[in-house]
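Given next are the chains, with one letter for each unit.
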Amino acid sequence: MDATNKVTGTPISRIDGIAKVTGKAPYSMDHPVKNAAHAILFKSTVAAGTIREIDSTAAEKAPGVLAVITHKNAPKLNTKGGLRGGALLQSPDIEFYGQHIGIVVAETFEQARYASRLINVTYDKKEAKIDFEKVASQARLPKDKERADAKRGDVQSALTQATYKVEEVYETPIEHHHPLEPHAAIAEWNGDSVTLYSSAQIVNGAQGAAAATLNLKPEQVRIVSPYIGGGFGSKGGQWANLALAAVAAKHINRPVKLALTRQQMVNSVGMRQHNRQKISLAATSDGKLTALSHETVTHGAIENEFVEPCGDCSKIMYDTPNSLITYRVVPMNLIIPTYTRGPGKSTGSFAMESAIDELAYKLKMDPIAFRLKNEPARDPSNGKPWSSRTTVQCLSEGAKAFGWDKRKAEPRQNEQGNYWIGYGVSAGTYPAHQRPTSAVVKLKRTGDTVTATVELAAADLGTGTYTILTQTAADALGLSVQNVTVKIGDSNLPPAAGSVGSVGAASYANAVNDACEKITQELLSKSGKQFFVRPTASQLMRSEKLTEFQTRVDSKAPESAEEYSAHSFNANFAEVAVNKSTGMIRVNRFLAVTGAGKILNPKTARSQIIGGNVWGIGMALTEESVVDPRWGNFVTRSFADYHVPANLDIGHLDAIFINETDEHVNTLGVKGIGEVGIVGVAAAVANAVFNATGKRVRELPITPDKVL
Amino acid sequence: MRPFTYTRAKDATSASQSLANNPNARFLAGGTNLLDLMKEDVERPTSLVDIAELGLSDVKSITSGSNKGGISLGGLGKNTDAANHPLVRQHYPLLTQAILAGASGQIRNMATNGGNLMQRTRCPYFYEVAMPCNKRTPETGCGAKEGINRMHAIFGWSEQCVAVYPSDMAVALAALDAVIHVRNASGQERSIPIADFHRLPGNQPDRDTNLMHGELITSIELPQNRFAEKSYYLKVRDRASYAFALVSVAAALETEGNIIKKARIAMGGVAHKPWRALKAEQALIGKEATEANFRAAANAEMADAKPLSHNAFKVELGNRSIVLALQMALNGGKA
Ligand SMILES: Cc1cc2nc3c(=O)[nH]c(=O)nc-3n(C[C@H](O)[C@H](O)[C@H](O)COP(=O)(O)OP(=O)(O)OC[C@H]3O[C@@H](n4cnc5c(N)ncnc54)[C@H](O)[C@@H]3O)c2cc1C
Chain Y
1 MDATNKVTGT PISRIDGIAK VTGKAPYSMD HPVKNAAHAI LFKSTVAAGT
51 IREIDSTAAE KAPGVLAVIT HKNAPKLNTK GGLRGGALLQ SPDIEFYGQH
101 IGIVVAETFE QARYASRLIN VTYDKKEAKI DFEKVASQAR LPKDKERADA
151 KRGDVQSALT QATYKVEEVY ETPIEHHHPL EPHAAIAEWN GDSVTLYSSA
201 QIVNGAQGAA AATLNLKPEQ VRIVSPYIGG GFGSKGGQWA NLALAAVAAK
251 HINRPVKLAL TRQQMVNSVG MRQHNRQKIS LAATSDGKLT ALSHETVTHG
301 AIENEFVEPC GDCSKIMYDT PNSLITYRVV PMNLIIPTYT RGPGKSTGSF
351 AMESAIDELA YKLKMDPIAF RLKNEPARDP SNGKPWSSRT TVQCLSEGAK
401 AFGWDKRKAE PRQNEQGNYW IGYGVSAGTY PAHQRPTSAV VKLKRTGDTV
451 TATVELAAAD LGTGTYTILT QTAADALGLS VQNVTVKIGD SNLPPAAGSV
501 GSVGAASYAN AVNDACEKIT QELLSKSGKQ FFVRPTASQL MRSEKLTEFQ
551 TRVDSKAPES AEEYSAHSFN ANFAEVAVNK STGMIRVNRF LAVTGAGKIL
601 NPKTARSQII GGNVWGIGMA LTEESVVDPR WGNFVTRSFA DYHVPANLDI
651 GHLDAIFINE TDEHVNTLGV KGIGEVGIVG VAAAVANAVF NATGKRVREL
701 PITPDKVL
Chain B
1 MRPFTYTRAK DATSASQSLA NNPNARFLAG GTNLLDLMKE DVERPTSLVD
51 IAELGLSDVK SITSGSNKGG ISLGGLGKNT DAANHPLVRQ HYPLLTQAIL
101 AGASGQIRNM ATNGGNLMQR TRCPYFYEVA MPCNKRTPET GCGAKEGINR
151 MHAIFGWSEQ CVAVYPSDMA VALAALDAVI HVRNASGQER SIPIADFHRL
201 PGNQPDRDTN LMHGELITSI ELPQNRFAEK SYYLKVRDRA SYAFALVSVA
251 AALETEGNII KKARIAMGGV AHKPWRALKA EQALIGKEAT EANFRAAANA
301 EMADAKPLSH NAFKVELGNR SIVLALQMAL NGGKA
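Top to bottom, those sequences are chains Y and B. In this text, residue positions in the first sequence follow UniProt numbering: the first is 1, and each later residue adds one. In this text, residue positions in the second sequence follow UniProt numbering: the first is 1, and each later residue adds one.
What the hints contain is simulated information worked out from the structure, not anything from laboratory work. Computed from a prediction, not measured in an experiment: that's the story for all the values here. Note that the Cβ used here is the ideal one computed from N, Cα and C, for glycine as well. A few of these clues could be false.
In silico DSS-like links for lysine-lysine, alpha-carbon gap of 30 Å or less [said to hold, decoys possible]:
no. : chain 1 : residue 1 : chain 2 : residue 2
1   : Y       : K706      : B       : K279
2   : B       : K39       : Y       : K72
3   : B       : K39       : Y       : K580
4   : B       : K334      : Y       : K406
5   : Y       : K706      : B       : K287
6   : Y       : K34       : B       : K279
7   : Y       : K20       : B       : K39
8   : Y       : K580      : B       : K334
9   : Y       : K518      : Y       : K556
10  : Y       : K143      : Y       : K278
11  : Y       : K34       : Y       : K20
12  : Y       : K250      : B       : K39
13  : Y       : K408      : B       : K10
Every beta carbon over 10 Å from chain B, so not counted as near; a handful from chain Y, in silico [as the list claims (entries may be wrong)]:
no. : residue
14  : R52
15  : E110
16  : E219
17  : T326
18  : S396
19  : E397
20  : V626
21  : N647
22  : H664
23  : D705
Isolated chain Y, as found in the complex (with noise of 0.2 Å):
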């Protein structure tokens, strides 16, 4: 049956929804490779130094054990393959409290795990650099050009000059990604080629950099990645378990599982930095900035820098004539911090949010009028046009439907029984980019029915990427969604971006739509004929009665998207209740209003943005990753003890999507929706709290001791 109306826009289910709930979705350890074998990694318990010796003489005796894999042992890879975090075996060189040394494979995981327990490891410890406070004076500009200092006019003499002005610091912890499916990975080798069996939000990406360690070239590598249980960054750029896995299996000639436990994810797949920011802005008395500045100062590895953007919202959120954004960073001998959802952006809107709704307050102005009254015409950054920018009908709407305008303007009005009621906003921003992607359509008849396949490497995140692309392809083809099957996450299928960025559904949608507009033109003139009205793919197949046809596109975005600044935008709308007794805070009512072009598809971006505002929540109250300063270990390594917030943490949530056309993104106007969700969503809670109860706490998470 071919389809009478557009899906793309419509709120239809995920299409792998029963398949994930019914267990039958295959995730990294699920599939049904047979023979296969358990390893699992043993890691360093100190920070710095050299391993002297590791003693495995008792856990190569030990029931099951297959082999025992150390620096001494493992075949030479290269470490500069792209794989992130080092810890690849290849020295006794230890850098971070919980490097991987080593591997125990043994017939089953309990084996491996108990056997792993009866090894002995002595070091040659070096002094470490794991306490911040202690080293955050010794930062320097990073080597990565894009966070070199970023100047405009001169934000020292304006602060000088200026009554109204806001000088503070900000501090974010270290958080960690903790998807719910741990990293994990199935080595199976078939001659000189390897299967890896391994959630990849880039599995083109993930081919490459196992390749590259491996001694390999990329076609040696396939990488099935189907279903991705969560990654949030942490499975953007892969890690060294990857190249472990397939090490392992190569050492006993059998397939291999390995997984990370999840005490293991703490300093195995990266973090979210600790980010100290100073914001300084200066207005004048009716509300217009003068200055602008976010200095930030983090900490990278030992070996390799890695530096989240806070002040990527901070360089184009306001119209200012002086601006200063610059960043500094300290090596630690803590595991390389990496992409974690938001990068920059989340965290850096907390400083920078918190920042705006401080000088509103002293300038007696309500903060969604400060912000409209220093929106920017143009991208303060590079002076291009916005694409569109909807940061005005955010704020508005959003003020509407939340119902601002019961804020009380001054904190401790609004008391409801034993808490303090309080009302935050904050705006947020997030880019919005088309990357390369090749896609392949292929179309059958059989009788009066076409079906359609569309292929590519794309990455589902559980964020409904085939949902989405089924619906673009089913419109683009005219078939009904029943007769579209995607195919994606396996790197055989046509190179796609990845699910990072947010350029995932921009990406693979436009590709997609490019392949099926392709074939019908395709078909089209191997028909041979004029049509009034355009026949669809569908109808062309029956009309020229052909049983198979298929192309390919390699897709980019248009070149005239390069002129403006593109972006999706929000506002994010908090009620909090806060305990006056013990400073239990409860977000009772969040609101986000969010402009990112088409909507594919209104359930499943709804959500991405809801789930996006509960790590947000859960960035504001609750999670935070603690490091001991004279080990280096964290303390906080499971779900006991990292707090993501609870069900009862969470009251109503609400997402509307402001009604955008963007001509000049792309060809469908998608931008992306991935991260906004948790951009500014901190600050929101951050300025309820304080609206509630006066305190302005700085520093997160706002855990009940810091309100008392």
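Based on these hints, arrange chain B with the ligand on the given structure of chain Y.
Just chain B with the ligand, lined up with the frame of chain Y:
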């Protein structure tokens, strides 16, 4: 996890005998604590004796003896069933609230009353075997005392150990003067008042309780009282559910007019055992139930607190929590 043997006990005496014969054997009840600790290599039993099928799970009225008029909870009863039993809900709502404030629905469905009493500390240094911990491995030192100790004790700690005991249920039991009934391998029974069941760390932090190896918790008795009208369990924590207490307070009052006849206050999250706030209780007897008197009582108790480097906030929080819990109790215990 290290290799171990697994047997399913048929009766209480043989279960205890299996333990008596092997110092490294453990009872396995719901397993929600023991198995986690085994996976982390903290507990290393060589033998598990599954006691799930011994019965001993009923909630009953006590019709004779010193606790006549009270109730008895089976040592192997599930936390969920104890919390929801009509006798408990009606006569000991404090206990219902405390149990429901702990863990999650799924865990409470597995967790037993005996296992809950015996659960071990959540101190992260106890949980990570590479860290020093006198409780896990005597003589290795205490990682927490000079380390990250925001969650740790402010009362009764020693140089050896600053860990807190994590149970919520036991805090209510302490306020309710519960009595723990146990039986050993020879079939001998004894009863231990809850106040003497758990220990302060002293020089032997590896011993959490005064239960002897092989003794099985068969039941928990709650004496009759008149607190049902005025009791409240307050749990302050870093998130609304599924987190251990920063500070918790079980408060119960018996009043005549506005005069306090009896008061019971026990605290969680502050010590190596449920902390009975006897000074605060003393300060309330015969007084009017007013906020000022609640404050004075809280101050009397918290003045003795000795915070560590990261948990000074628990003193102020403890103060406020005692006051709030008493107020809530006075108001009939409704949240
Ligand atoms: C993530 C998480 C969060 C939690 N949060 C909370 C919380 O907020 N508050 C709270 O109070 N608890 C909390 N708990 C702990 C939970 O309440 C305990 O794990 C549970 O009560 C233990 O009971 P069990 O029957 O599973 O014990 P098991 O794990 O089977 O046994 C624990 C110990 O008790 C011994 N034992 C068991 N039964 C007996 C008996 N009858 N006689 C003698 N010894 C016995 C065992 O040998 C073992 O040493 C949490 C647990 C988890 C995993």
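To see whether the hints hold, each was checked on the structure:
no.: 1; hint: Y:K706 <-> B:K279; in the structure: 28 Å, holds
no.: 2; hint: B:K39 <-> Y:K72; in the structure: 28 Å, holds
no.: 3; hint: B:K39 <-> Y:K580; in the structure: 40 Å, violated
no.: 4; hint: B:K334 <-> Y:K406; in the structure: 29 Å, holds
no.: 5; hint: Y:K706 <-> B:K287; in the structure: 33 Å, violated
no.: 6; hint: Y:K34 <-> B:K279; in the structure: 66 Å, violated
no.: 7; hint: Y:K20 <-> B:K39; in the structure: 28 Å, holds
no.: 8; hint: Y:K580 <-> B:K334; in the structure: 17 Å, holds
no.: 9; hint: Y:K518 <-> Y:K556; in the structure: 14 Å, holds
no.: 10; hint: Y:K143 <-> Y:K278; in the structure: 21 Å, holds
no.: 11; hint: Y:K34 <-> Y:K20; in the structure: 23 Å, holds
no.: 12; hint: Y:K250 <-> B:K39; in the structure: 28 Å, holds
no.: 13; hint: Y:K408 <-> B:K10; in the structure: 66 Å, violated
no.: 14; hint: R52; in the structure: 16 Å, holds
no.: 15; hint: E110; in the structure: 6 Å, violated
no.: 16; hint: E219; in the structure: 40 Å, holds
no.: 17; hint: T326; in the structure: 31 Å, holds
no.: 18; hint: S396; in the structure: 32 Å, holds
no.: 19; hint: E397; in the structure: 30 Å, holds
no.: 20; hint: V626; in the structure: 6 Å, violated
no.: 21; hint: N647; in the structure: 7 Å, violated
no.: 22; hint: H664; in the structure: 43 Å, holds
no.: 23; hint: D705; in the structure: 4 Å, violated
Of the numbered hints stated above, those contradicted by the structure are hints 3, 5, 6, 13, 15, 20, 21, 23, listed in ascending order.
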